[in-house]
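Taken in order, these protein sequences are the chains called L and H.
Numbering-wise, the first sequence is residues 793 to 905 according to this note's numbering.
Numbering-wise, the second sequence is residues 399 to 512 according to this note's numbering.
Errors might be hidden in some of the hints.
[Said to hold, decoys possible] Pulled from the structure, derived: some chain H residues nowhere near chain L, Cβ distances all over 10 Å:
hint: 1; residue: P406
hint: 2; residue: V410
hint: 3; residue: T411
hint: 4; residue: M413
hint: 5; residue: E416
hint: 6; residue: V417
hint: 7; residue: T418
hint: 8; residue: G440
hint: 9; residue: N450
hint: 10; residue: P452
hint: 11; residue: P468
hint: 12; residue: N469
hint: 13; residue: P497
hint: 14; residue: R498
hint: 15; residue: H502
[Unchecked claim] Going by beta-carbon spacing under 7 Å, a handful of chain L positions derived as facing chain H:
hint: 16; residue: G835
hint: 17; residue: E836
hint: 18; residue: L837
hint: 19; residue: F839
hint: 20; residue: R843
hint: 21; residue: S845
hint: 22; residue: N891
hint: 23; residue: F893
hint: 24; residue: F895
hint: 25; residue: S900
If you are wondering where the hints come from, they were derived from the structure by calculation, not from laboratory data.
Just so you know, even glycine gets a beta-carbon here, dropped at the ideal spot from N, CA and C.
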Amino acid sequence: AQKVTQAQTEISVVEKEDVTLDCVYETRDTTYYLFWYKQPPSGELVFLIRRNSFDEQNEISGRYSWNFQKSTSSFNFTITASQVVDSAVYFCALSDTGNQFYFGTGTSLTVIP
Amino acid sequence: DAGVIQSPRHEVTEMGQEVTLRCKPISGHDYLFWYRQTMMRGLELLIYFNNNVPIDDSGMPEDRFSAKMPNASFSTLKIQPSEPRDSAVYFCASSLGGPRGPQHFGDGTRLSIL
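Chain H on its own, in the form it takes in the complex:
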């Protein structure tokens, strides 16, 4: 079975540009999570969805960040406008049963904002 697929793997863009990160969860999983990893702050849960509905977005840092899940097989995390401090590795994960279930992670998107 295919795992969680994220794209792009790497993104380099200039400050102020819109950035869109994409995620395809494992088929059949009902939860999808977005995380950000930095040296300073470690792994942070940004938002998660259950059956395509956002459940908890308390980790989303600012209004510049938004996430959508239009269907069970696709989610996006968008940053507009991007800032250098948004540079991080962004992970998507999916699970059965929510935060209590084992989460399966994608390979991550390494984002650099210049």
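Same shape as in the complex, but just chain L:
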């Protein structure tokens, strides 16, 4: 069963637009961790954020913000005022008990100048 679902395969936005990347996860555990990673065209994977299941506070880091809602099992990522450098594939991931780690299939974001 798919543990992490990123339904948006590809998204294109014009520079300066806001964009939200969706992530829905599935777990029966009460303790788990959620992550977002960025993979720019150069190919490396860059850690962006980790959130544990007991902390539902939204987080903002510059133009990036994350909305964690346990009621809907979602951990969405919003980029405000997008820039061309934001063009990348973004992965949502889950770690639950059993120390397993699951990546979503990724959302490819293209920001058009």
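Using the hints, position chain H against chain L.
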């Protein structure tokens, strides 16, 4: 601080040959992970180690794949014999605290099996 270092960056070899991928984790990290990325299957966790001991190798596709971590600063992923379907980008990552900790990835090895 140096990040995770993988070598080689690119490898092209013929079917049937042995392939060895190398990884040096971040100093002090106690977990090391090997992933494979393909268009068809996305990112797959192959195996991970804790303090040099393999913890979970359920993602290793076949007996042709093996991984070792002889010490805290070095790991190898070996494919013998290699097949064209093994062509992928292989990533190594390390972390403190296991799958629950942020993982830091190397630049990957792009493997092409002809």
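Tested hints:
1. Every CB of chain L is more than 10 Å from the CB of H:P406 (nearest about 14 Å), matching its label as outside the interface.
2. At roughly 17 Å from the closest C-beta of chain L, the C-beta of H:V410 stays outside 10 Å, upholding its exclusion from the interface.
3. Non-interface status of H:T411 relative to chain L is upheld: no Cβ of that chain comes within 10 Å, the nearest being about 20 Å off.
4. Distance check for H:M413 against chain L: the nearest CB is about 24 Å away, which clears 10 Å, and the non-interface claim stands.
5. Every CB of chain L is more than 10 Å from the CB of H:E416 (nearest about 25 Å), matching its label as outside the interface.
6. Every C-beta of chain L lies more than 10 Å from that of H:V417, the closest at about 19 Å, which supports listing it as non-interface.
7. With a least beta-carbon separation of about 21 Å from chain L, H:T418 lies farther than 10 Å from that chain, consistent with its non-interface assignment.
8. Here H:G440 does not stay apart from chain L, with its beta-carbon only about 5 Å from theirs, under the 10 Å limit.
9. Listed as a non-interface residue, H:N450 keeps its Cβ farther than 10 Å from every Cβ of chain L; the least gap is roughly 16 Å.
10. Annotated as non-interface, H:P452 keeps its C-beta farther than 10 Å from every C-beta of chain L; the closest such distance is 13 Å.
11. Annotated as non-interface, H:P468 keeps its C-beta farther than 10 Å from every C-beta of chain L; the closest such distance is 22 Å.
12. No beta-carbon of chain L comes within 10 Å of the beta-carbon of H:N469; the shortest separation is about 22 Å.
13. At roughly 4 Å, the least C-beta separation between H:P497 and chain L is not larger than 10 Å, which violates its mark as non-interface.
14. In this structure H:R498 is not separated from chain L by more than 10 Å, as the shortest Cβ-Cβ distance comes to only about 5 Å.
15. Residue placement check: H:H502 does not keep its beta carbon more than 10 Å from all beta carbons of chain L (closest about 7 Å).
16. For L:G835, the interface hint holds, the least distance from its beta-carbon to any beta-carbon of chain H being 6 Å, beneath 7 Å.
17. Annotation: L:E836 was flagged as interfacial toward chain H, and the flag holds, the nearest CB pair being 5 Å apart, inside 7 Å.
18. The interface hint given for L:L837 is met, as the beta carbon of that residue sits about 4 Å from the closest beta carbon of chain H, less than 7 Å.
19. The restraint placing L:F839 at the interface with chain H holds, with a minimum CB-CB distance near 4 Å, inside the 7 Å limit.
20. Taking 7 Å as the C-beta cut-off, the interface hint given for L:R843 is violated, the closest approach to chain H being about 11 Å.
21. The closest approach between the C-beta of L:S845 and any C-beta of chain H is roughly 11 Å, which is over the 7 Å cut-off, so the hint fails.
22. For the restraint placing L:N891 at the interface with chain H, the shortest Cβ-Cβ distance is roughly 5 Å, inside the 7 Å limit, so the hint holds.
23. Satisfaction of the interface hint for L:F893 is found here, the shortest Cβ-Cβ separation to chain H being roughly 4 Å, below the 7 Å cut-off.
24. Here the hint on L:F895 is kept, as its CB sits about 4 Å from the closest CB of chain H, short of 7 Å.
25. Checking L:S900 against chain H: minimum C-beta separation of about 12 Å lies over 7 Å; hint violated.
Checked against the numbered hints above, the structure violates hints 8, 13, 14, 15, 20, 21 and 25; every other hint is satisfied.
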